[in-house]
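S.K.: Protein chains in written order, with UniProt numbering: chain A, 1 to 152; chain B, 1 to 711.
FYI, nobody ran anything at the bench for these hints, they're computed from the structure.
Where is the CB? At the ideal position from N, CA and C, for every residue including glycine.
Accuracy of the hints is not assured; some may be wrong.
A short, non-exhaustive set of chain A residues, derived as facing chain B with CB atoms under 10 Å [as the list claims (entries may be wrong)]:
#1 Val-15
#2 Leu-31
#3 Ala-86
#4 Ala-89
#5 Gln-95
#6 Glu-120
Sample of chain A residues lacking proximity to chain B, with all beta carbon distances greater than 12 Å (derived) [claimed, not checked]:
#7 Met-1
#8 Ser-12
#9 Asp-51
#10 Met-64
#11 Ser-69
#12 Pro-79
#13 Arg-112
#14 Ile-114
#15 Pro-115
#16 Lys-116
#17 Thr-149
#18 Leu-150
#19 Glu-151
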Amino acid sequence: MIHLTVNGREMSLDVDPDTPLLWVLRDELRLTGTKFGCGVAQCGACTVMLDGMPRRSCVTPVGMIDNASVTTIEGMEGPEISAVQAAWAASDVPQCGWCQSGQVMSATALLRQIPKPTDEEIDHAMGGNLCRCATYVRIRQAIHDAARTLEG
Amino acid sequence: MTLLSRRRFLATTAGFTLALVLPTPFARAQGAPPDLPATPNAFIRVGADDTVTVIIKHLEMGQGPYTGLATLVAEEMDADWSQMRAEAAPADDTLYKNLAFGAQGTGGSTAIANSYIQMRKAGAAARAMLVEAAAEEWGVPASEITVRAGRLSHPGGREAGFGAFAAAAAERAVPQDPPLKDPSQFVLIGGQGKRLDSAAKSDGTAEFTLDIYREGMLTVVVAHPPAFGATVASYDDAGALKVKGVEMVRQIPEGIAVYARNTFAAIKGRDALEIRWDESRAERRSSSAMLEDMARALAEARVVEESGDRGALGGAAEVLEADYRFPYLAHAPMEPLDAVIEVKEGRAELWYGCQFPSIDRPTVAETLGLPMDAVRINVLLAGGSFGRRAQGNGHLAAEIAHIAQAAGRDGAFKLLWTREDDLKGGYYRPMTLHRLRAGLDSDGRIVGWENAVANQSIMAGTALEAFMQDGLDPSSYEGSNDLPYDVGARRISWARVESPVPVLWWRSVGHTHTAFAVEVFLDEVLERAGKDPVQGRLELMTPEAGRYRGVLEKVAEIAGWQGRTRAGRAYGVAVAKSFGTYVAQIVEVENGGALPKVTQVWCAVDCGVAVNPDVIRAQMEGGIGYALSAALYSAITLDGEGRVQQSNFDDYRLLRIHEMPQVHVAILPSTEPPTGVGEPGVPPLAPAVANAWRALTGQPVRQLPFAQLLS
Numbered sequence: 001m002i003h004l005t006v007n008g009r010e011m012s013l014d015v016d017p018d019t020p021l022l023w024v025l026r027d028e029l030r031l032t033g034t035k036f037g038c039g040v041a042q043c044g045a046c047t048v049m050l051d052g053m054p055r056r057s058c059v060t061p062v063g064m065i066d067n068a069s070v071t072t073i074e075g076m077e078g079p080e081i082s083a084v085q086a087a088w089a090a091s092d093v094p095q096c097g098w099c100q101s102g103q104v105m106s107a108t109a110l111l112r113q114i115p116k117p118t119d120e121e122i123d124h125a126m127g128g129n130l131c132r133c134a135t136y137v138r139i140r141q142a143i144h145d146a147a148r149t150l151e152g
Numbered sequence: 001m002t003l004l005s006r007r008r009f010l011a012t013t014a015g016f017t018l019a020l021v022l023p024t025p026f027a028r029a030q031g032a033p034p035d036l037p038a039t040p041n042a043f044i045r046v047g048a049d050d051t052v053t054v055i056i057k058h059l060e061m062g063q064g065p066y067t068g069l070a071t072l073v074a075e076e077m078d079a080d081w082s083q084m085r086a087e088a089a090p091a092d093d094t095l096y097k098n099l100a101f102g103a104q105g106t107g108g109s110t111a112i113a114n115s116y117i118q119m120r121k122a123g124a125a126a127r128a129m130l131v132e133a134a135a136e137e138w139g140v141p142a143s144e145i146t147v148r149a150g151r152l153s154h155p156g157g158r159e160a161g162f163g164a165f166a167a168a169a170a171e172r173a174v175p176q177d178p179p180l181k182d183p184s185q186f187v188l189i190g191g192q193g194k195r196l197d198s199a200a201k202s203d204g205t206a207e208f209t210l211d212i213y214r215e216g217m218l219t220v221v222v223a224h225p226p227a228f229g230a231t232v233a234s235y236d237d238a239g240a241l242k243v244k245g246v247e248m249v250r251q252i253p254e255g256i257a258v259y260a261r262n263t264f265a266a267i268k269g270r271d272a273l274e275i276r277w278d279e280s281r282a283e284r285r286s287s288s289a290m291l292e293d294m295a296r297a298l299a300e301a302r303v304v305e306e307s308g309d310r311g312a313l314g315g316a317a318e319v320l321e322a323d324y325r326f327p328y329l330a331h332a333p334m335e336p337l338d339a340v341i342e343v344k345e346g347r348a349e350l351w352y353g354c355q356f357p358s359i360d361r362p363t364v365a366e367t368l369g370l371p372m373d374a375v376r377i378n379v380l381l382a383g384g385s386f387g388r389r390a391q392g393n394g395h396l397a398a399e400i401a402h403i404a405q406a407a408g409r410d411g412a413f414k415l416l417w418t419r420e421d422d423l424k425g426g427y428y429r430p431m432t433l434h435r436l437r438a439g440l441d442s443d444g445r446i447v448g449w450e451n452a453v454a455n456q457s458i459m460a461g462t463a464l465e466a467f468m469q470d471g472l473d474p475s476s477y478e479g480s481n482d483l484p485y486d487v488g489a490r491r492i493s494w495a496r497v498e499s500p501v502p503v504l505w506w507r508s509v510g511h512t513h514t515a516f517a518v519e520v521f522l523d524e525v526l527e528r529a530g531k532d533p534v535q536g537r538l539e540l541m542t543p544e545a546g547r548y549r550g551v552l553e554k555v556a557e558i559a560g561w562q563g564r565t566r567a568g569r570a571y572g573v574a575v576a577k578s579f580g581t582y583v584a585q586i587v588e589v590e591n592g593g594a595l596p597k598v599t600q601v602w603c604a605v606d607c608g609v610a611v612n613p614d615v616i617r618a619q620m621e622g623g624i625g626y627a628l629s630a631a632l633y634s635a636i637t638l639d640g641e642g643r644v645q646q647s648n649f650d651d652y653r654l655l656r657i658h659e660m661p662q663v664h665v666a667i668l669p670s671t672e673p674p675t676g677v678g679e680p681g682v683p684p685l686a687p688a689v690a691n692a693w694r695a696l697t698g699q700p701v702r703q704l705p706f707a708q709l710l711s
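All chains should be built: construct the whole structure from the sequences, respecting the hints.
M.R.: Printed below as a string of structure tokens:
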């Protein structure tokens with residue numbers, strides 16, 4: 001049995017401990033906002049918060065995170081995620097949309113750490129999130145916009 | 001109106017189908033009017049809550065047809081943008097044909113172009129029906145009713161939203177030929193309406209294929225052959241069946257399918273398979289050997305365009321010559337291929353990002369031995385495609401149908417291709433060789449031009465072979481002929497080579513390589529003749545090339561063009577027309593070590609009437625990033641045993657955020673009919689970068705990707 005707190009809910013799961021967190025979230029818990037893109041931590045589409053820090057769920061066996069707290073895009077709350085999602089919609093960042101949950105998670109984690117990031121800090125924090133539609137110009141803009149919103 | 005399910009709704013309104021005849025190029029070419037669906041009700045659903053839902057006949061894979069087609073409808077309905085919604089049309093080619101293809105499908109950057117009149121007529125008809133219903137209810141002449149921002153009103157003081165008359169309007173006859181607005185009256189077309197799908201794509205609620213879970217569904221992964229054209233000789237599934245969660249293993253024509261209760265078990269089960277492959281008919285050549293064979297094949301190239309004096313090159317003062325080599329490219333959409341099927345009591349229902357419903361639906365029906373009307377395809381959002389889901393042979397539809405069939409029972413099955421399956425699975429942009437020759441006279445004037453192209457055909461051997469003419473596949477060489485330049489005597493030829501490696505259209509298709517070969521070689525020739533790249537191109541442009549000239553002049557203006565180099569940076573230019581849209585780009589390049597670092601891109605686009613300017617900008621930005629990714633890094637290569645050497649994003653490198661240049665887009669004002677923007681942002685980028693790199697380093701670029709420079 002694996003014990004996890006997912007989006008604030010405590011649960012015990014009878015799954016193979018090798019199973020990547022990604023597939024537990026999707027196949028067992030039907031939290032489908034977290035996406036599969038590569039399976040080897042190269043694209044960031046599967047990014048979730050693990051004990052508050054961004055983590056690639058596709059390479060995180062659940063057996064290694066027993067008793068951890070996981071937050072997916074469905075369970076995110078707070079001013080940063082709200083500002084990021086509002087900025088994403090206002091700038092029409094998404095094209096196909098597949099990678100954007102992961103982008104939003106990484107951007108939110110960035111703004112929690114650095115409220116007013118520079119372009120270099122954005123590059124550093126977002127470098128692990130691929131976007132095949134290359135919405136990068138707008139991702140950068142939307143992060144700056146969200147930072148301004150948070151500044152008040 | 002909203003009480004009815006959509007299927008029932010379409011059934012009850014099918015009697016309203018109009019026979020509008022629109023002048024599409026395809027219809028003219030066929031010499032017969034297209035079989036046109038034009039009932040507004042097949043495309044528009046008005047809710048009692050005033051929402052207007054447009055049923056979108058094109059796959060939304062990021063390029064914005066949900067927003068674009070809804071804009072066309074909203075404009076003629078005089079709707080307010082906030083009341084607009086979009087949802088995908090199911091596979092049904094009696095109602096939802098692409099008028100450019102004569103079949104239901106998305107591709108060739110045709111969504112806006114083929115829908116421009118059709119969707120506006122649907123909107124205008126719906127508006128007229130709402131007005132008539134209101135006129136009857138209010139007892140006033142229809143001509144006295146005005147519609148603005150989704151509100152019907154009469155000078156007598158009556159006012160209502162669309163929802164109040166939705167039910168009554170649906171009962172009215174559909175106007176045969178509703179008048180359309182003059183473009184000067186447009187409010188939403190050319191406006192700043194936001195995309196309809198941004199919010200759901202920012203909070204994880206947008207539903208894609210992989211998000212579908214049916215009762216009792218099994219997840220399936222397939223062990224595909226390790227070499228193209230190999231088949232299963234024998235296999236042992238004992239290890240796979242021991243994996244907890246694996247339910248069964250079946251051989252299907254595509255390989256060995258592992259069915260499991262969850263995704264991880266399916267993947268683990270596949271890893272535990274032991275398979276012996278028969279590679280006697282497989283491609284065993286390396287990609288470099290294949291390129292050498294292409295060079296030999298050029299001797300047999302067939303002429304596709306020829307004009308002027310055949311002896312022009314022989315009489316030239318100087319002849320320049322260059323070969324350009326292009327690798328196989330994987331599309332690598334972020335969502336790999338996937339599909340869900342549920343077979344129950346002689347019916348099959350599917351859910352996936354289906355790009356060619358008119359090919360896929362009969363493929364499923366035929367495979368399962370079902371009548372067409374027993375197959376329903378629910379078209380979902382696709383997490384990118386770039387051509388990957390536009391399969392002339394319906395191979396994904398066939399694979400999911402084979403999976404259902406081999407299960408030997410009713411049930412629901414989800415097929416997932418992993419990233420490794422995606423990159424190793426073929427359907428690549430064809431590897432291509434161009435051999436260019438140009439002759440200059442003693443004044444440096446171009447007197448002759450030859451371009452011989454060798455590659456595989458995309459259409460041959462698929463349902464689209466009918467589009468080939470006399471054995472020629474224009475998608476192999478499009479863009480090498482029909483040049484905007486006067487380059488003297490011309491001879492363009494194509495050599496078709498064959499291989500078991502399957503190939504497919506990749507965002508801008510033939511233009512991915514022809515624009516590079518033409519615009520890089522021309523740039524080298526202009527340099528040799530001592531000409532400025534922008535001025536030299538303008539001087540060569542024919543009188544018919546006005547729209548090429550327009551974008552080139554515009555891009556030079558916004559980039560502040562001053563020549564090839566300035567303050568340690570270099571600038572390169574290229575211009576290309578693809579899918580009816582004209583794009584010119586200028587790039588600013590720094591030396592990033594062994595590879596170019598592209599810092600800025602200026603882009604001028606002429607796509608006729610700009611329906612959604614911000615979507616056009618987004619497609620230029622995205623096309624530039626997609627093209628730069630391939631230009632710098634991407635290649636699928638085969639080793640000496642014909643095995644693909646790349647497997648995931650660690651060795652099939654894609655552009656990341658720190659490599660994305662700033663992009664400045666100018667959209668040329670135009671009253672020409674709109675053309676597409678999904679692909680045309682791609683072709684000029686790589687040649688512009690190569691031209692800048694040559695200016696910066698003196699190093700000509702004759703092979704992509706640039707990363708070849710590192711080896």
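S.K.: Would you mind marking each hint as holding or not holding in the structure?
M.R.: Hint check results:
Against a cut-off of 10 Å between C-beta atoms, the interface hint on Val-15 of chain A holds, since the closest Cβ of chain B lies about 8 Å away. Nearest Cβ of chain B to the Cβ of Leu-31 of chain A: about 8 Å, under the 10 Å cut. The hint holds. Checking Ala-86 of chain A against chain B: minimum C-beta separation of about 9 Å stays under 10 Å; hint holds. Given hint, Ala-89 of chain A at the interface with chain B, holds; its Cβ is 4 Å from that chain's nearest Cβ, closer than 10 Å.
Evaluation of the Gln-95 of chain A hint against chain B yields a held restraint, the C-beta minimum of about 3 Å falling below 10 Å. With a cut of 10 Å, the hint placing Glu-120 of chain A at the interface with chain B holds, because the nearest CB-to-CB distance is about 8 Å. Separation of Met-1 of chain A from chain B is adequate, the least Cβ-Cβ distance of about 15 Å exceeding the 12 Å criterion. Residue placement check: Ser-12 of chain A keeps its beta carbon more than 12 Å from all beta carbons of chain B (closest about 17 Å).
With a minimum CB-CB distance of about 20 Å to chain B, Asp-51 of chain A clears the 12 Å threshold, and the non-interface call stands. Distance to chain B confirms Met-64 of chain A as a non-interface residue, since its nearest Cβ pair spans about 14 Å, more than 12 Å. At the 12 Å boundary, the C-beta of Ser-69 of chain A stays outside the reach of chain B, the nearest C-beta of that chain being 18 Å off. For Pro-79 of chain A, the condition that its CB be more than 12 Å from all CB atoms of chain B holds, with the nearest at approximately 15 Å.
At roughly 17 Å from the closest C-beta of chain B, the C-beta of Arg-112 of chain A stays outside 12 Å, upholding its exclusion from the interface. Every C-beta of chain B lies more than 12 Å from that of Ile-114 of chain A, the closest at about 15 Å, which supports listing it as non-interface. No beta-carbon of chain B is positioned within 12 Å of the beta-carbon of Pro-115 of chain A; the least distance is around 19 Å. Here Lys-116 of chain A stays apart from chain B, with its beta-carbon at least about 18 Å from theirs, past the 12 Å limit.
Chain B leaves Thr-149 of chain A outside its interface by the beta-carbon criterion, the shortest separation being 14 Å against a cut-off of 12 Å. With 12 Å as the threshold on Cβ separation, the claim that Leu-150 of chain A sits away from chain B holds: the shortest Cβ distance comes to roughly 16 Å. With a closest Cβ-Cβ approach of about 21 Å to chain B, Glu-151 of chain A is found to remain outside the 12 Å limit, as its non-interface label requires.
Every hint, counting from the list given before, is met by this structure.
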